[in-house]
Amino acid sequence: MAAEKTDEQQVKMFGNLACSRIRVDREGWISTAEQLSESGARLLTLWGTDDRDQAGGFRIDAAYLLSDSVLVVEHRMVDEGEPWYPSLAGLFPVALRMQRAAYDLLGISTNESDDRGWLRHGGWPQMVFPLRRDVDGSQQYPVVSQPYSFVSVEGDGVHEISVGPVHAGTIEPGNFRFSVVGEKVLRLEERLGYTHKGVAKLFESLTQHTGHRLAARVSGDSAIAFSWAYCAALEAITTTTCSARALALRALALEHERLANHLGDLGSLGNDAGFAFGFTHFSKLKEDLLRANSVVFGARYLMAFVVPGGVAADLNTEARSLLLELYDALETSVINLRTIYDNHAGLQDRFREAGRLDRSTAKRLGAIGLAGRASGLACDLRVDHPWAPYTSLAVTMMTQKGGDVAARVQIRFDEVVESLRLCRALLTENDSGVIQATVPTAQSNQLGMGIIEGWRGPVAVVLETGRDGGIHRCHTHDPSWQNWPLIEHAIIGDIVPDFPLINKSFNLSYSGQDG
Amino acid sequence: MWNTLSRMLRTGLLTEPLPKLSEARSVVEGLPLEPMQQNLLNILGRALCIRHVDAGSCNGCELEIQALGNPYYNIEGVGIKFVASPRHADLLLVTGPVSVNMEEALRRTYEAMPEPKLVIALGDCGACGAAFGSSYASRGGVSNAIPVDKTVAGCPPSPPEILRAILDLIRPAADEV
Amino acid sequence: MSAITIVRQLSEVVLAIAIAPLFGGWIAQCRAWLQSRTAPPLIQPYRMLRKLFHKDAALATTASPLFRMTPYILFGTMVLAAAIIPSIATDLTFARAADAIALIGLFATARVFQSLAAMDIGTAFGSMGARRDMMIGFLAEPALLMVLFNAFLLSGSTALPSVVDVRTMHSFFVDPSLLFAAIAFLMVLLAENARIPIDNPATHLELTMIHEAMALEYSARHLALLEWAANLKLFNYACIGFALFLPWGIATQGRDGGVALAVAVGALLVKLVLAGAVLALIEALSAKLRIFRAPEYLAISFLLAVLGLLVHLLLEA
Numbered sequence: 000m001a002a003e004k005t006d007e008q009q010v011k012m013f014g015n016l017a018c019s020r021i022r023v024d025r026e027g028w029i030s031t032a033e034q035l036s037e038s039g040a041r042l043l044t045l046w047g048t049d050d051r052d053q054a055g056g057f058r059i060d061a062a063y064l065l066s067d068s069v070l071v072v073e074h075r076m077v078d079e080g081e082p083w084y085p086s087l088a089g090l091f092p093v094a095l096r097m098q099r100a101a102y103d104l105l106g107i108s109t110n111e112s113d114d115r116g117w118l119r120h121g122g123w124p125q126m127v128f129p130l131r132r133d134v135d136g137s138q139q140y141p142v143v144s145q146p147y148s149f150v151s152v153e154g155d156g157v158h159e160i161s162v163g164p165v166h167a168g169t170i171e172p173g174n175f176r177f178s179v180v181g182e183k184v185l186r187l188e189e190r191l192g193y194t195h196k197g198v199a200k201l202f203e204s205l206t207q208h209t210g211h212r213l214a215a216r217v218s219g220d221s222a223i224a225f226s227w228a229y230c231a232a233l234e235a236i237t238t239t240t241c242s243a244r245a246l247a248l249r250a251l252a253l254e255h256e257r258l259a260n261h262l263g264d265l266g267s268l269g270n271d272a273g274f275a276f277g278f279t280h281f282s283k284l285k286e287d288l289l290r291a292n293s294v295v296f297g298a299r300y301l302m303a304f305v306v307p308g309g310v311a312a313d314l315n316t317e318a319r320s321l322l323l324e325l326y327d328a329l330e331t332s333v334i335n336l337r338t339i340y341d342n343h344a345g346l347q348d349r350f351r352e353a354g355r356l357d358r359s360t361a362k363r364l365g366a367i368g369l370a371g372r373a374s375g376l377a378c379d380l381r382v383d384h385p386w387a388p389y390t391s392l393a394v395t396m397m398t399q400k401g402g403d404v405a406a407r408v409q410i411r412f413d414e415v416v417e418s419l420r421l422c423r424a425l426l427t428e429n430d431s432g433v434i435q436a437t438v439p440t441a442q443s444n445q446l447g448m449g450i451i452e453g454w455r456g457p458v459a460v461v462l463e464t465g466r467d468g469g470i471h472r473c474h475t476h477d478p479s480w481q482n483w484p485l486i487e488h489a490i491i492g493d494i495v496p497d498f499p500l501i502n503k504s505f506n507l508s509y510s511g512q513d514g
Numbered sequence: 000m001w002n003t004l005s006r007m008l009r010t011g012l013l014t015e016p017l018p019k020l021s022e023a024r025s026v027v028e029g030l031p032l033e034p035m036q037q038n039l040l041n042i043l044g045r046a047l048c049i050r051h052v053d054a055g056s057c058n059g060c061e062l063e064i065q066a067l068g069n070p071y072y073n074i075e076g077v078g079i080k081f082v083a084s085p086r087h088a089d090l091l092l093v094t095g096p097v098s099v100n101m102e103e104a105l106r107r108t109y110e111a112m113p114e115p116k117l118v119i120a121l122g123d124c125g126a127c128g129a130a131f132g133s134s135y136a137s138r139g140g141v142s143n144a145i146p147v148d149k150t151v152a153g154c155p156p157s158p159p160e161i162l163r164a165i166l167d168l169i170r171p172a173a174d175e176v
Numbered sequence: 000m001s002a003i004t005i006v007r008q009l010s011e012v013v014l015a016i017a018i019a020p021l022f023g024g025w026i027a028q029c030r031a032w033l034q035s036r037t038a039p040p041l042i043q044p045y046r047m048l049r050k051l052f053h054k055d056a057a058l059a060t061t062a063s064p065l066f067r068m069t070p071y072i073l074f075g076t077m078v079l080a081a082a083i084i085p086s087i088a089t090d091l092t093f094a095r096a097a098d099a100i101a102l103i104g105l106f107a108t109a110r111v112f113q114s115l116a117a118m119d120i121g122t123a124f125g126s127m128g129a130r131r132d133m134m135i136g137f138l139a140e141p142a143l144l145m146v147l148f149n150a151f152l153l154s155g156s157t158a159l160p161s162v163v164d165v166r167t168m169h170s171f172f173v174d175p176s177l178l179f180a181a182i183a184f185l186m187v188l189l190a191e192n193a194r195i196p197i198d199n200p201a202t203h204l205e206l207t208m209i210h211e212a213m214a215l216e217y218s219a220r221h222l223a224l225l226e227w228a229a230n231l232k233l234f235n236y237a238c239i240g241f242a243l244f245l246p247w248g249i250a251t252q253g254r255d256g257g258v259a260l261a262v263a264v265g266a267l268l269v270k271l272v273l274a275g276a277v278l279a280l281i282e283a284l285s286a287k288l289r290i291f292r293a294p295e296y297l298a299i300s301f302l303l304a305v306l307g308l309l310v311h312l313l314l315e316a
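Protein chains in written order, with numbering that gives the first Met the number 0: chain A, 0 to 514; chain B, 0 to 176; chain C, 0 to 316.
Check each hint, because a few of them may be wrong.
Anything over 12 angstroms on all C-beta distances counts as not near chain A; from chain B, calculated [claimed, not checked]:
| # | residue |
| --- | --- |
| 1 | I42 |
| 2 | A83 |
| 3 | R106 |
| 4 | D167 |
Some, not all, of what chain C presents toward chain B, calculated at C-beta under 7 angstroms [stated by the list, open to error]:
| # | residue |
| --- | --- |
| 5 | S1 |
| 6 | H53 |
| 7 | S154 |
| 8 | E205 |
The set of hints was computed from the structure by calculation and includes no laboratory data.
Small disclaimer: the values here were computed from a predicted structure and weren't measured.
For glycine and all other residues, C-beta sits at the position ideal for the given N, C-alpha and C.
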């Protein structure tokens, strides 16, 4: 379903899902976006590249999720003077922050007026753009503290509460500026970027066959999703096929990751509402799962499990029975705890109506993944655009209509039960095959995209190969980019003490977003 | 309510015994402790309050720190608790390679803590920057921003390793916990 | 005012100061057991206090003398309250100078100073905690007064020792009006002492804090005194509850020799153990209320106390 324009050209691209790539000029950039917006496509990610070492100037790419494929629209800024491209924020609100990030890294601007740094907090000078080819990424600069002009709310009795970046609990850093009247929140503005570690620049110093290790560490709780997305991109470029066994193990690990995060979140949500019983029992279940991971996969958190060509190790012989026992125990416990949660009046009173995000707002803002499904948007790549082995697994999509904290709790319960079913199905398949196929070195300038439905939503890694097995550009995308702005809308009308519960019900990644 | 109660009673106590203290224990690697320091650590060690700061970590270490609160590891049962305010804390637990955007917040947290205070850099990132190293966006390890008393390697380090490191630091004179 | 009376008074104060942290430790122990985990030893609160006294105080540069004085004022008012409440004996020297209404005034003084100190530094969290605490406080006070009125009607005096004296004269008798008052009192106790369902003492969420938000800027000895005062407040409330509803065991006027005092201490310990277990159970089974449900909660406790009054008037008339 590529847009039909006269001044576009098809360019080759690879991916684990059906994808195509077109090159457009400045008018085409906007007109394609308009057409895609009208047809209901969603903007997945946006990134810039410095091609000046290949005599190509600066380049901006946008990847769109269509109903049956992925479309990458590419625009080269080859004119003289400052490189700029038209902003997509009017059509796709989610593009706003991604464009600010692209400016912070590469200095390519848009016609938007918001020029506050998103990733740049004064840690490097204004005129240094770290991702440019001529900038040395290892150079350190002294931090120059700069004020960030939050949008202020005028009115009688309005005051501001600033939370972060250091939060009271064991959680990632981010700054939230509330404008409140008493306890009621009038406006929330987020400021992120505190954990920016220069991942994009670091990738360019790695080889194609070692990049997956860094990808796994973009967001530690989605290590499998990111490393799989990276490996999928590389395998698509080199047309390597993984064995059925390796794919089944990858999916098993991904479902374990989904389970671990959902169990942890359900416990934390209970705890944040003052119900420590929930935390006790869910954290116990999560620990049981992680210990099983350790026995079966070799590590609690699988940072090094997914490698190019397959997985690092196979399951041992006792693994199957141990896991099946674990799944049964988990399912019984989760169903019992679900009854307790559902029947606990105090808990439900906190969960219901808090942080409500209705379907139309979610759709307009481009919500994807778990947050989108809780607000009634049916979007799960395992169902819409399945890739191996999900093509043969018939995953059931779980949605909720409420869009409040209670809906996001219910969806987690539903997905836990569904994941356990998938895990059992993956275990009972007796696939054979090598667990790690050899992946050849790719030629330079090949673009591949791996998209995996992680537990938060679609995780994407765009890999552009460089010379001699190196990496020209690697862009990682976490679904938190789409979902962070949702919280700003979900909290309006709620009270300040409900914010931690609402935030936790989304549980978005700071590090995945910051990169 | 009865469902909840019956589940509580059925589950019983889940806490496991503490990990063994390692053989070689010292506060600053290599230097022996003075008697006054030892005394102070004894007092601190029995009722330790930890403030955690994420200085740019990928969230893996945070998940393992949160696991210390589950009933198996039960860090509260050892007399150690996590606190919200740096003014209440004795030990600063830092994860991440110290991203430049978090450097100032980390420093201010450290300065807000009253003496005597200790710092543990957790994880490979905290120890030396690991995958993220030293770059325009990362300081390459906690010791490049604030003084560190102990590092714990691992990516991420498991809860028993974290607990053992904390106990080694605060109870060097004790033979048992 | 003989020597024995002074000794009695002092021993009650010293006992309160000494075992208030232990009571807190016992509640923590029960809560841990209900969370399927082991708890630190019962003396853990003392270890915490000892450690805090060994730390250097780190004060914000904007701290005023009020900020530094408040922990001492809080501790002092709680100790004074402990001196007035008949926990082990009713023949108390200080009790003649202050009745239960003055007792409520002491708690109010403590609350006001704590709120002022919280706002002193100028952080958003301090003001947030202060205003929430004031809201809970000004709603809880009338409820508490109503509960006390129930007891005053029975004994004809507003001094707690006389309430105990009158109540212990009836041998084991449950007054239906006191039943309502007891439930109302329990609700007020949970609200005033920052326990679930009003506040979560173990929370790590800065935006939901009420009580803890006011202590965020304190460190070392100031923090130690604040914590001790909080423990004392809970102990005092528990003793008020025992005096009103379970007074048996307290050494009353005329029968307060050494043996009677020892029995009173034993009875108090037993009652504290039971009360702690009940508190922990309530906390374990409940979730924290949304803050704007707290006024409803306190209104219910007020109404229950008024109901108790009505029942008493109807039955006695």
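Results for each hint:
1. The Cβ of B:I42 sits about 25 angstroms from the closest Cβ of chain A, beyond the 12 angstroms cut-off, so the non-interface label holds.
2. Some Cβ of chain A comes within 12 angstroms of the Cβ of B:A83; the nearest lies about 4 angstroms off, and the non-interface call is violated.
3. For B:R106, the shortest C-beta to C-beta distance to chain A comes to about 10 angstroms, within the 12 angstroms cut-off, and the non-interface label is violated.
4. Its beta-carbon lying about 21 angstroms from the closest one in chain A, B:D167 satisfies the requirement of being farther than 12 angstroms from that chain.
5. Proximity of C:S1 to chain B is violated relative to the hint, the smallest CB-CB distance being about 42 angstroms (cut-off 7 angstroms).
6. Because the closest C-beta pair between C:H53 and chain B is about 5 angstroms apart, less than 7 angstroms, the hint holds.
7. Nearest Cβ of chain B to the Cβ of C:S154: about 36 angstroms, over the 7 angstroms cut. The hint is violated.
8. Among the interface hints, the one on C:E205 holds; its C-beta lies about 6 angstroms from the nearest C-beta in chain B, closer than the 7 angstroms criterion.
Consistency with the previously given hints fails for numbers 2, 3, 5 and 7, ordered from lowest to highest.
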